[in-house]
Amino acid sequence: MRLPVVFLVALISSAAAPAGPPLAGQERGDTRLEQVFTPETLAALRSEIEKAERASLPTEPLVQKALEGRSKGAPDDRVVAAVSALLERLETAARVLGRDAEEAALVAAAAALYLGVRADGLEAVVTETPDEAVAMALVVLGDLVTRGVEAETAHDVMLSLGKVGADAATLAEFRERVEADIVEGVAPGRAALVRSRGVVVTLGGGGKPGGGGGT
Amino acid sequence: MSHSNAVLVAIIVVVTVGAPGPIRGQSPVPPLTSSFGPDVRPVGLGGTEFFVAPHVGFGGERFRVAGEGTFGRGVSEFTQGKGSLAYRLPAGLTLDGLFTTTHRSIQDERAVDHHGRLGMRSEWVGAWIGFARDRASTPGFRLATSTREYRAWLDVGAGLGLTLRRSRIEEEGTVVFDTTHVILGEYEFETRKESEFFREKRYSELEVDLRVPIHRLSVVLFAGHRFQSGDAPGVSWGFARVSAPISSHLELLAEFGQNEGLPSLGRGPARFGRVGVRVDLFGRGESDGADIEGDHVPDRSAATAPTAPTAGIAAGDGVSRLVVRAFGASHVEVRGDFTDWKPHAAAATPDGGWAVALEPGVYHFNIRIDGGEWTVPANLPSIPDEFSGSPVAVVVVR
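If you read the sequences in order, they're chains A and B.
To convert, note that position 174 of the first sequence is 174 in this note's numbering; the numbers rise steadily by one, no gaps.
To convert, note that position 374 of the second sequence is 374 in this note's numbering; the numbers rise steadily by one, no gaps.
Now the stretches of chain B that chain A is said to cover, found in silico as 3 or more residues with beta-carbon under 8 angstroms:
#: 1; segment: 337-351
#: 2; segment: 358-366
#: 3; segment: 369-382
#: 4; segment: 386-392
Bear in mind the hints are in silico, worked out from the structure with no lab data behind them.
Source: prediction; values computed, not measured.
For every residue, glycine included, the Cβ atom is placed at its ideal position computed from N, Cα and C.
Construct all of the structure, not just a fragment, from the sequences and the given hints.
Shown next as structure tokens:
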């Protein structure tokens, strides 16, 4: 019962915390990129950003990817390559989620693709998950894969959670418990299956999630 | 006693067999866990003594019960039965209890002890009431005590634990033992004053308990000294205890030191040492209940130790905040999608966290504590970045 107490305290005390105004997208992308990249690199980055604009895709994630690369000291060609790859993943995500998908969901979907989740797998999860929980579901999906759950098993688990209407908070809690189990030594696939089964039963589905075995 | 300075060496092998998959925490479906196994302790105590301690425990979502019997034979005879229970109540409260009965005989000495405790606790505050009834006899001397103890503790958490604890022992209506513990953070100070001891001696004791988590090692250093009146020399005792998890299945244990002896029976301090390995066939799971033994003080080594930083999203006043919690930090920075990947100093919160306000979205970020390496909170999802493979945390703000 530790987390709820800590979280409650955080809620109460941080409400008055001097955290400043919300942060996100400080300036126009071009201005920020001009300050840190050479004209040649800037031209290559602008080309990718213009492609995104023409495709009605969000451009801020591309700007942030470039700035992340610069912040971490990556060579310019690698930064451009990372931005290009992200653009491709955003395009794929948009095909799966729809052009009107929220930027958050697209970013989460692009991250899941980066981690090896298949596009058709994404589509099924998005279809089955309540709209408000799509971004979280995709983040959790990517996290399961990162932690060693086989992509197919992770996909099946998230699909089963989506089918029983698991909301974002439930998914976040599910992820934390899977992580804790893995830390305790439980096989990642097994932890995901057991925990998802608990959620499915609790939410009334009663079915057995996934068809694949654990890792 | 001839063995007062003997070296006591024990080897502990605990084999725990549990239901497959020790699932920690509160799962929607109670994953019953159970364990049983021997605890074998060959002991050198001026001779040889072997202990066998079969134990069994099981529990579920809201409760754990455990029982253990310990049987020792050799230079002494030792029989102990122990039962414990813990039941989780709403609002983060846990009701727990412990009952132990021990029979021990060494040469001409015999002792029978009964101890019980029943308490209520949460993560931050708790109290318990305990009783003990001890009887010891040796030729020409017989001792009987009846004890009641009341303890309460408060832990303000977030790296600063404060526990005030007072114990009183009465012997046939007379207070002979009055102890006050003050525990601040990782340090525990105890002053103990016994107005009158069993042999009409007056003395005070000071005990210091230092718990030092070093990476995965857990180190406990304990020292005590008794200041006695008159010409009686003072007595010191203490021990060092190290436990090192090798994997989720193995843990090495080592402990050595000197105990305070049993002054009521005229027995002086004795050195002891113990090494062992804990084997858990299915990985360390939730405790089978043995953890409720002790003084019900929260495990500060786990609760407030300088562990890896964590983070979460808190909402208030219509604003969502990323709150980082880092033990002992004096300066926390974040960089991520919301700072254009430039270092940004997080603002300190009244409860010891470090906050940054965020608009709704999905963000990738790193944190840095006191100018150290950029890292990620231990409890959030993370992915390797495309540039160096170093982890980047992912957070969803709704």
